[in-house]
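> Chain by chain, the residues:
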Amino acid sequence: MSLLRYESQVRPPLVDGIKDYHAVTEDICRPVEARPSRLWWVGFIIAVLFLCFGIVAVTMEVIYGVGQWNLNKTVGWGWDITNFVWWIGIGHAGTLISAILLLFRQGWRTGVNRAAEAMTIFAVICAGQFPIWHMGRVWMAFFVLPYPNTRGALWPNFNSPLLWDVFAISTYFTVSLLFWYSGLIPDLATLRDRAKLKWRKLFYGVASFGWTGSTKHWQRFETLALVLAGLSTPLVLSVHTIVSFDFATSVVPGWHTTIFPPYFVAGAIFSGFAMVQTLLVVTRKVLRLEDYITIEHVEVMNKIIVLTGSIVGIAYLTELFIAWYSANPYENFAFMKNRVDLSSPYGWSYYIMMGCNVLSPQIFWIRKMRRNLMVTFFMSILVNIGMWFERFVIIVTSVYRDHLPSSWSTYYRPTIWEVGFYMGTFGLFFTCYFLFIKFFPVIAVAEIKHILKRSGENYKEKMDEVEHEEMSEFVEKHGHDHGA
Amino acid sequence: MAIKKFVVGCFDDEGVLFPAVKKVRRAGYKIHDVFTPFPIHGLDKALGLKDTSLDTAGFIYGITGTATALGFISWVFTSDWPLNIGGKPHFSLPAWIPITFELTVLFASVGMFLTFCYLCQVAPFVKKDHFNLRSTDDLFVMVIECTDKTNEGEAVAFLQSLGAKDVKVDRKETRWWLGRYDKETNMFGMKKTEAAV
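Chains as they are written, first to last, in our numbering: chain R, 45 to 528; chain E, 56 to 252.
Please note that a few of the clues may not be correct.
As a list, the in silico DMTMM-like pairs of lysine to aspartate or glutamate whose alpha-carbon atoms are at most 20 Å apart [to be verified]: (1) E:223 / E:67; (2) E:85 / E:228; (3) E:100 / E:110; (4) R:240 / E:193; (5) E:78 / R:446; (6) R:240 / R:446; (7) R:260 / E:106; (8) E:220 / R:64; (9) E:100 / R:266; (10) R:117 / R:517; (11) R:329 / R:520; (12) R:240 / R:71; (13) R:506 / R:60; (14) E:59 / E:193; (15) R:260 / E:209; (16) R:260 / E:135; (17) R:242 / E:184; (18) R:506 / E:67; (19) R:240 / E:184; (20) R:242 / R:77; (21) R:260 / E:203; (22) R:260 / E:110; (23) E:183 / E:207; (24) E:77 / R:446; (25) R:506 / R:517; (26) R:245 / E:184; (27) E:182 / E:221; (28) E:105 / R:266; (29) E:77 / E:200; (30) R:506 / E:68.
Honestly, the hints are just simulated from the structure, not real lab data. Just so we're clear, the structure is a prediction, and the values are computed from it rather than from any experiment.
Using the sequences and the hints, build the whole thing.
Right under this line is the structure:
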């Protein structure tokens with residue numbers, strides 16, 4: 045057998061166990077082809093119940109108006125916008141894994157990219173709900189679109205960051221969907237060709253677009269993937285940048301800081317990776333995909349979590365320093381009195397944020413902790429909570445005490461319908477995710493096969509002898525030129 | 056429709072496939088296509104396929120998006136409905152960069168995806184033939200098209216000698232999806248011959 049690719053022995057294998065191409069197909073298609081387990085049904089039904097509660101909560105809001113939420117005179121953005129920013133941030137890890145790591149040629153992305161991209165799409169769907177329903181008169185939501193209308197062709201304000209958001213998020217959703225689906229087509233074709241039942245043949249036949257695996261098609265496929273990755277990379281950075289502009293372009297103390305775009309992007313990647321960990325630590329176990337989503341994958345993502353968590357930490361400290369250094373009394377008040385002061389009404393939220401986002405991820409400097417699944421899972425939940433509180437701190441503590449102290453008296457606390465809406469998006473997210481793991485291959489089959497002979501455990505063992513060969517020997521034994 | 060004959064050889068290792076492709080081409084056989092379960096780098100070159108210009112198309116779509124956004128917003132804000140927003144200039148280019156960027160990406164991505172589907176002729180409800188169902192699983196399926204000069208027996212033996220595991224002769228109706236790269240039986244050419252018959 046001639047080896048096509050060589051990878052250093054220093055790198056641990058990305059696919060464990062004795063695998064050939066067929067075994068990869070079998071392992072990844074098994075959960076899709078088997079009947080759903082009892083665990084799947086339990087999870088799915090719980091998710092649907094949450095979704096139903098969310099629908100009730102949203103219906104209440106639509107019938108009775110935004111007054112159903114406890115937003116008040118100064119806190120015009122509360123849980124809903126916090127949740128919006130949080131969900132959008134969650135999505136960013138998927139694009140980072142699928143696009144940026146593709147450009148960086150990181151082999152480990154193949155194990156996790158499909159699920160992470162799916163997570164992105166579902167998270168963006170959830171995020172989009174919040175600004176839409178916050179509009180109150182949601183039946184007029186289409187007013188945000190620039191279309192020739194009967195109001196004298198009154199256009200939306202293209203200079204407004206809120207309109208930039210409309211474009212950024214809808215583009216982000218569309219591009220993520222195309223990227224994800226174009227990658228799915230070959231794998232759906234695999235499922236189609238293995239299908240025994242009639243409905244499966246039909247479903248996967250339609251979904252796989254008649255894919256054949258022709259060499260020319262693969263050539264175009266790879267070009268498409270590469271260019272979409274190249275486009276998604278600045279896109280993902282732009283999305284959270286624009287979300288941060290919603291705040292940064294205002295003149296509210298605590299919001300109008302130039303650090304926001306990079307700080308938001310780092311935070312988004314941080315929270316997104318935490319959510320990927322939450323999902324995949326469970327998914328790999330339940331679907332028995334430990335050979336493909338290995339401890340190595342978990343560890344490398346934990347490294348990203350400690351990196352981005354520390355970037356976020358530096359951003360928090362920079363903000364504090366600049367608030368003091370600017371000598372601006374309003375800026376100082378927002379930071380020192382409304383946030384850092386533990387005895388202030390929302391002081392507690394600032395310390396939850398600091399504890400969960402900056403301090404707790406530092407545990408991942410220890411290798412043993414990075415490779416411990418229980419610790420990883422627990423930490424991922426902590427980070428998700430911490431990042432939610434980051435947005436809460438930014439939004440609520442900046443506005444609950446405005447320039448007019450007579451407006452300060454009301455303490456903002458959400459109603460059941462605000463909380464229900466948030467719970468409902470969890471329901472939506474997990475309903476989508478459960479359907480995804482049932483009907484689609486959770487791991488990119490073709491991409492795993494692509495790296496199998498380089499990073500598969502049994503192939504790496506064979507490469508051991510190569511490690512000790514001279515260059516000329518290696519070329520003589522394994523080399524052949526690819527030219528026509 | 057005409058029926059064509061193909062010699063179909065299945066390889067189970069891309070390391071065997073590569074030299075085989077080279078030898079088959081050198082021997083003068085016409086390779087119809089090679090179906091693989093995942094992209095194999097260099098196989099397109101080995102088959103003598105040209106580079107795709109999908110990326111160029113993407114660039115053109117992107118530029119179209121940029122022009123659309125800039126043109127439209129400046130028309131709206133300077134001529135159709137100039138709004139006085141805090142006394143700021145009507146033509147405020149920096150504020151339009153985010154939307155311009157987003158539309159560039161949107162046009163490029165959607166355009167490229169649709170072009171990809173068009174070029175590969177893939178879409179929902181399209182059914183195609185790829186000779187061996189396992190070519191989406193673990194086999195690399197080389198398909199040689201038999202011309203008048205091809206001796207099937209020799210071709211089969213030749214493929215076997217090159218390491219193909221399962222070699223057989225297959226007959227297929229030449230519908231439009233077969234021979235997409237083959238000038239004489241391409242999609243539009245087919246319609247003409249049908250009309251002639």
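> Taking the hints in turn, state whether each one holds.
Comparing the hints with the structure gives:
1. E:223 / E:67: Holds - the C-alpha atoms of residue 67 of chain E and residue 223 of chain E are around 15 Å apart, at most 20 Å.
2. E:85 / E:228: Holds - the C-alpha atoms of residue 228 of chain E and residue 85 of chain E are around 18 Å apart, at most 20 Å.
3. E:100 / E:110: Status holds; Cα separation ~17 Å.
4. R:240 / E:193: 18 Å, holds
5. E:78 / R:446: 78 Å, violated
6. R:240 / R:446: Not OK: residue 240 of chain R and residue 446 of chain R at ~65 Å, beyond 20 Å, violated.
7. R:260 / E:106: It holds: about 9 Å lies between the C-alpha atoms, which stays within 20 Å.
8. E:220 / R:64: 16 Å, holds
9. E:100 / R:266: 14 Å, holds
10. R:117 / R:517: 77 Å, violated
11. R:329 / R:520: Since the Cα atoms of residue 329 of chain R and residue 520 of chain R sit roughly 43 Å apart, the hinted pair is violated (cutoff 20 Å).
12. R:240 / R:71: 17 Å, holds
13. R:506 / R:60: 14 Å, holds
14. E:59 / E:193: Status violated; Cα separation ~26 Å.
15. R:260 / E:209: 27 Å, violated
16. R:260 / E:135: 47 Å, violated
17. R:242 / E:184: 18 Å, holds
18. R:506 / E:67: 18 Å, holds
19. R:240 / E:184: With a Cα-Cα distance of about 17 Å, the restraint between residue 240 of chain R and residue 184 of chain E holds, given a limit of 20 Å.
20. R:242 / R:77: 13 Å, holds
21. R:260 / E:203: At roughly 25 Å apart (the allowed maximum being 20 Å), residue 203 of chain E and residue 260 of chain R break the hint.
22. R:260 / E:110: 14 Å, holds
23. E:183 / E:207: It is violated: about 24 Å lies between the C-alpha atoms, which goes past 20 Å.
24. E:77 / R:446: 75 Å, violated
25. R:506 / R:517: Judged against 20 Å, a Cα distance of about 16 Å means the pair holds.
26. R:245 / E:184: Holds: residue 245 of chain R and residue 184 of chain E sit about 14 Å apart, inside 20 Å.
27. E:182 / E:221: 24 Å, violated
28. E:105 / R:266: Distance of about 14 Å is within 20 Å: holds.
29. E:77 / E:200: 16 Å, holds
30. R:506 / E:68: Since the Cα atoms of residue 506 of chain R and residue 68 of chain E sit roughly 15 Å apart, the hinted pair holds (cutoff 20 Å).
Checked against the numbered hints above, the structure breaks hints 5, 6, 10, 11, 14, 15, 16, 21, 23, 24, 27 and satisfies the rest.
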